[in-house]
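Below, each chain spelled out in residue letters.
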Amino acid sequence: MKLIVCIKQVPATESKLAMTRDGTDIERAGLTFVVNPYDEFAVEEALQIRERLGSGDVTVLSLRSHAVQNPEQALRTCLAMGADRAILLSDPAFDGGDNYTTALVLAAALRRLSFDLLLFGKQAVDDDDGAVGIQVAELLGIPHVAVVNKLEVDRQNKTVVAHRQIEGGIEVVEAPLPALITCQKGLNEPRYPSLPGIMNAKQRLLEVWNRETIEIASEAVGSGGAELKLVRLEPPPPRPIGRIIPDDAAAAVQELVRLLHEEAKVI
Amino acid sequence: MGEDRQILAVDILFVGGGPANLSAALRLTQLIASHNEQVSAGNTSSPPLEPRIALIEKGHDVGAHAISGAIFDPIALEELLPDYRDRGFPFSLHVTQQSLQYLTTDGNVRLPNVLIPPSYRQDRCYIGSLQKLNLWLAELVEAAGLYLFHETCGVKILYDGARVRGVLTGDKGLDGDGGRKANYQPGTNIHAKITVFGEGPYGTLAEDLIHQFKLRESRNPQSYALGVKEVIRVKSGGSPGLAVHTIGYPLGPRVFGGGFCYGLDDNLFAVGIVCALDWDDPQMDAQVQLQRLKKHPFIQRFIKGGEVIAYGAKTLPEGGYFAVPRPYVDGALLVGDSAGLLNVPYLKGIHYAMKSGILAAETMFDALLRNDCSASELSSYEARLASSYVMQDLYQVRNFRRAFAYGRLPGLLLGGLTMWTGLGPAKPGGVREDFRHLRPLEQAVRGRWVEDPAQYDAGVLVDKLTDVYHSGTQHREDQPSHIRILDPARCVTDCIPRFGDAPCTHFCPAKVYELVGEGATSRIQINFANCVHCKTCVIKDPVDVISGDHIQNIAWRAPAEGGPRYQGL
Ligand SMILES: Cc1cc2nc3c(=O)[nH]c(=O)nc-3n(C[C@H](O)[C@H](O)[C@H](O)COP(=O)(O)OP(=O)(O)OC[C@H]3O[C@@H](n4cnc5c(N)ncnc54)[C@H](O)[C@@H]3O)c2cc1C
Ligand code: SF4
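In the order they appear, the protein sequences are chains A and B.
Position one of the first sequence corresponds to residue 1 (the working numbering), numbered consecutively onward.
Position one of the second sequence corresponds to residue 268 (the working numbering), numbered consecutively onward.
To be clear, the hints were calculated from the coordinates, so they are not data collected in a lab.
Quick reminder that beta carbons are idealized off the backbone N, C-alpha and C, glycines included.
Check before you lean on any hint, since a few could be wrong.
Unchecked claim - What follows is a list of derived Cβ distance ranges for each label pair:
hint, chain 1, residue 1, chain 2, residue 2, range
1, B, GLY767, A, GLU189, 21 to 31 Å
2, B, ASP390, A, THR13, 35 to 45 Å
3, A, LEU256, B, ASN450, 51 to 61 Å
4, A, ALA264, B, THR371, 35 to 45 Å
5, B, ARG751, A, ALA264, 49 to 59 Å
6, B, LYS694, A, PRO236, 51 to 61 Å
7, B, ASP724, A, LEU205, 33 to 43 Å
8, B, ASP390, A, PRO237, 51 to 61 Å
9, B, PRO314, A, LEU17, 49 to 59 Å
10, B, GLY767, A, ILE245, 49 to 59 Å
As the list claims (entries may be wrong) - In silico lysine-lysine, DSS-like type, Cα no more than 30 Å apart, as pairs:
hint, chain 1, residue 1, chain 2, residue 2
11, B, LYS502, B, LYS448
12, B, LYS778, B, LYS571
13, B, LYS399, B, LYS502
14, A, LYS150, B, LYS694
15, A, LYS16, B, LYS571
16, A, LYS185, B, LYS448
17, B, LYS778, A, LYS202
18, B, LYS502, A, LYS229
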């Protein structure tokens with residue numbers, strides 16, 4: 001079974017972000033970057049499927065863009081977890097794109113690879129678009145199931161059965177392979193890379209594919225192909241100062257209720 | 268542990284990714300490279316060296332747990348990389364305005380520069396963040412072929428008889444009760460010919476080693492200080508190059524220490540306070556003292572209207588010359604803060620850490636060439652330290668902190684005098700461990716202050732939990748706690764009655780310890796997820812004062828996962 005996982009490197013979730021002066025981007029210097037947590041679920045799931053079936057291989061794919069700091073490092077983390085092959089898509093022509101051009105580049109690369117199952121995180125926690133995976137499925141003309149928190153592969157019948165959490169219940173969806181899945185928290189507990197795994201990953205060569213490798217026109221991708229333009233980013237409003245209600249517990253609760261009702265008007 | 272753990276065999280293992288070990292690693296790879304060049308040129312008959320070298324760091328990367336001032340003296344770096352300026356060195360800002368201020372409650376007196384001995388003037392120094400320095404050094408070290416393992420914590424020293432054989436790394440993927448989760452990953456036994464402990468102050472394993480081999484015998488116990496620091500962004504009016512040190516307010520007369528305010532680029536200021544941990548007041552709280560320092564008009568003039576963007580806390584070894592342990596045993600060396608190599612009046616440790624790393628590397632290189640990693644071979648490290656500026660500088664200022672035992676003003680004069688002249692006792696002695704100094708509340712010489720929550724303004728004056736948030740610290744809520752109170756009953760039956768309060772709830776700069784419940788049902792709750800790994804609690808935990816015996820009630824061990832995510836500290 002051939003499994004391919006597309007991953008992105010993002011600022012660690014507890015990072016504190018500052019806007020650039022022109023307000024259209026965040027300052028990246030000094031931030032710590034990690035593999036997008038939802039993508040880690042995807043990598044783990046691919047590894048577990050390979051282990052359950054006793055055969056198969058796992059390829060990880062990542063696209064270099066201005067938003068990521070060190071995609072090589074992210075790919076090596078996946079190799080250290082146990083992936084078999086890593087491919088980095090890197091070309092100045094890919095710069096300045098949006099989620100659509102990202103999907104175009106990934107789809108062009110994926111057409112050059114054979115696969116039974118594609119796994120993505122449900123969204124990258126930096127821009128929270130959640131749009132790349134499903135667009136790739138559309139471009140490749142394969143079925144997709146999004147936001148999956150349980151997955152079974154039926155190799156005989158060439159299908160996957162995916163569970164999705166929906167309002168008040170669980171939706172169970174079956175799709176023929178090849179298919180694309182986007183992964184949600186709860187699917188698994190991503191493994192930690194082992195020390196020998198990390199050592200091994202350090203010595204592996206990463207394949208780097210550029211625009212020519214995937215035969216895509218430079219006008220179609222990057223800023224030229226982008227359909228969305230980021231106008232402005234705004235930081236969340238500053239947190240107003242907290243208030244401590246003195247008094248003994250019973251009186252403080254009464255005062256709290258009064259404030260919530262009369263001042264905050266939330267109850 | 269009955270299970271078979273994986274074994275990873277290397278030649279040299281560095282525990283901790285601070286400036287000490289990163290410099291040692293870099294120097295070692297340089298020495299090996301030039302040796303191997305000599306070999307291939309046929310200039311030496313000894314065989315080429317191809318050792319496997321690994322470094323483990325518990326932080327997310329080598330910068331994540333890095334906090335310092337930092338005013339950086341490049342002397343050791345010049346030796347390590349003479350062309351460092353062309354190699355991407357991350358600092359460009361020099362100290363341009365240096366002053367030492369004595370703060371009164373609302374005023375300040377500038378102490379004349381003549382009080383500062385020439386060797387302590389900082390003109391040659393850079394101002395920058397230790398995180399950047401570490402990340403840069405790590406890049407060079409990795410490019411030289413070293414294996415760097417992040418988020419990997421040494422939890423136990425492995426021995427082969429009396430020889431250090433390496434360390435065990437922490438088990439990951441455990442739940443709160445120590446049970447295995449689906450992604451359980453057992454720790455690895457890393458075996459090495461030489462293990463170098465550069466864990467910073469009060470290293471979990473370094474202290475085990477010092478204890479095991481009695482490495483401080485006939486020397487002083489180590490004394491420490493706690494440093495807390497914030498990075499503050501102002502809207503405009505930065506002062507790049509400013510380096511102000513303060514003494515006096517807000518610290519009480521019996522707290523040895525002082526504040527600092529450094530001007531960085533991009534309208535940033537680094538403001539911090541360093542307080543010697545031999546304070547007597549059970550309610551002394553360094554984070555609150557930092558807020559008081561920031562409220563002082565002299566500091567306000569720089570940071571008014573600003574916003575705190577980062578916070579961190581860490582201890583510093585301040586025992587000086589006489590508290591430096593024997594820094595070698597069979598198969599292991601101690602470097603940097605783990606060996607106590609810090610110059611107290613100068614508030615500098617980075618370049619001493621780096622120099623000790625360089626000397627450790629030279630020692631290890633010789634040991635590898637001779638294929639002898641015994642204590643007698645490694646003992647040359649101590650001699651190298653002794654004849655370097657590391658121990659010479661520490662000797663010169665050996666009596667500085669002791670002078671302050673006479674109080675602040677006499678201490679300043681006396682301390683300054685001992686610094687200028689290098690005079691004073693030449694023998695260890697007269698030092699009690701920091702935890703022995705706490706006194707009952709009513710006897711303590713208090714700094715006449717109370718915590719006043721109303722002063723916080725969510726901008727530049729912040730409460731402790733907000734500061735904890737700015738440290739980015741994170742531990743999985745369902746991981747095993749790395750902090751334990753061995754006998755929780757004693758908190759309520761011994762400690763609180765004796766001191767009139769629970770000191771841990773004040774001295775911890777991250778609000779890890781919280782007194783919950785009332786009267787007989789009260790207990791100390793441990794919010795371990797807040798911990799910033801500063802080590803104050805193990806140092807200051809006073810319960811042994813009561814027992815008379817050194818049995819610590821707080822057990823802090825470096826956790827296998829988590830910790831602060833410092834940014835720019
Ligand atoms: C507030 C403050 C201000 C300071 N100001 C200055 C200044 O202006 N100039 C100056 O020169 N010095 C200053 N210092 C001192 C200086 O920062 C230290 O001397 C220096 O960082 C020591 O370097 P080190 O490599 O020995 O240890 P550290 O820098 O402490 O590094 C130790 C590393 O080891 C890791 N580690 C610890 N235990 C383990 C384990 N068991 N397993 C894996 N990893 C582990 C830690 O996470 C850490 O990254 C200051 C210190 C403080 C706290
Ligand atoms: S628990 Fe101990 S090590 Fe952690 S922040 Fe508090 S005092 Fe420091």
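To see whether the hints hold, each was checked on the structure:
| no. | hint | in the structure |
| --- | --- | --- |
| 1 | B/GLY767 with A/GLU189: 21 to 31 Å | violated (46 Å) |
| 2 | B/ASP390 with A/THR13: 35 to 45 Å | holds (42 Å) |
| 3 | A/LEU256 with B/ASN450: 51 to 61 Å | violated (40 Å) |
| 4 | A/ALA264 with B/THR371: 35 to 45 Å | holds (43 Å) |
| 5 | B/ARG751 with A/ALA264: 49 to 59 Å | violated (40 Å) |
| 6 | B/LYS694 with A/PRO236: 51 to 61 Å | holds (59 Å) |
| 7 | B/ASP724 with A/LEU205: 33 to 43 Å | violated (54 Å) |
| 8 | B/ASP390 with A/PRO237: 51 to 61 Å | violated (44 Å) |
| 9 | B/PRO314 with A/LEU17: 49 to 59 Å | holds (52 Å) |
| 10 | B/GLY767 with A/ILE245: 49 to 59 Å | violated (26 Å) |
| 11 | B/LYS502 with B/LYS448 | violated (47 Å) |
| 12 | B/LYS778 with B/LYS571 | holds (26 Å) |
| 13 | B/LYS399 with B/LYS502 | holds (23 Å) |
| 14 | A/LYS150 with B/LYS694 | violated (68 Å) |
| 15 | A/LYS16 with B/LYS571 | holds (21 Å) |
| 16 | A/LYS185 with B/LYS448 | holds (16 Å) |
| 17 | B/LYS778 with A/LYS202 | violated (39 Å) |
| 18 | B/LYS502 with A/LYS229 | holds (29 Å) |
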